[in-house]
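Trainee: For reference, the chains in residue letters:
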Amino acid sequence: NAGVMQNPRHLVRRRGQEARLRCSPMKGHSHVYWYRQLPEEGLKFMVYLQKENIIDESGMPKERFSAEFPKEGPSILRIQQVVRGDSAAYFCASSPSLPAGAYNEQFFGPGTRLTVL
Amino acid sequence: GESVGLHLPTLSVQEGDNSIINCAYSNSASDYFIWYKQESGKGPQFIIDIRSNMDKRQGQRVTVLLNKTVKHLSLQIAATQPGDSAVYFCAEIGGTSYGKLTFGQGTILTVHP
Chain A
3 NAGVMQNPRH LVRRRGQEAR LRCSPMKGHS HVYWYRQLPE EGLKFMVYLQ KENIIDESGM
63 PKERFSAEFP KEGPSILRIQ QVVRGDSAAY FCASSPSLPA GAYNEQFFGP GTRLTVL
Chain B
3 GESVGLHLPT LSVQEGDNSI INCAYSNSAS DYFIWYKQES GKGPQFIIDI RSNMDKRQGQ
63 RVTVLLNKTV KHLSLQIAAT QPGDSAVYFC AEIGGTSYGK LTFGQGTILT VHP
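So the protein sequences, as listed, match chains A and B. Sequence positions in the first sequence follow my numbering and run 3 to 119. Sequence positions in the second sequence follow my numbering and run 3 to 115.
Derived by calculation from the structure, the hints in this document are not laboratory data.
Here are the computed lysine-lysine pairs in the DSS-like style, where the Cα-Cα straight-line distance is at most 25 Å: (1) A/46 - B/73; (2) A/46 - B/39; (3) B/70 - B/39.
Full structure from sequences and hints, please.
Mentor: Written out as structure tokens, the structure reads:
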């Protein structure tokens, strides 16, 4: 079984450009999570999505960042008008459906390393 | 705000020794605590988890201990191997949201042959 896939693995953008990060969850997983990791720091939660729904976006910056998980295709994390402070590793994780009040292991992808020049 | 943090940022051990990595948490509402291993250039890899109603859980070469009285979590790795060298993160989940992992800062474990 293929794990969580992310592309591109490395992305270089100039200030003001747009960055699009893609995440394909593991087969059979309907929940996707995005995290950001700054150098020498832990991962910070950004957003939790199910197919066509945003469940929790409490970690998303108010401006320039958006995420989607369409009915068909990968989840996309979009960063508009990137700034140098957006340089980080962005990780996607996926999990199967969650029964109410339950926790399921999140499986992480290899990450996309974004560098803003 | 609530957070999960670590006492020691780095740990160096000799191959074959046992390693203990510690973590302090502040959210008493967390239902699960999880340890992840992250190797350079890779995503976090699940090691072991423990539910909040347990004190101890064992896996292959790893043991997680939970002390709710002092809000402390530890990961014990037996017979540490060079392949165990990585950054180890504790994380917590639960309470009102089962979709949001809150990670600690991380401990760098270096195993010397």
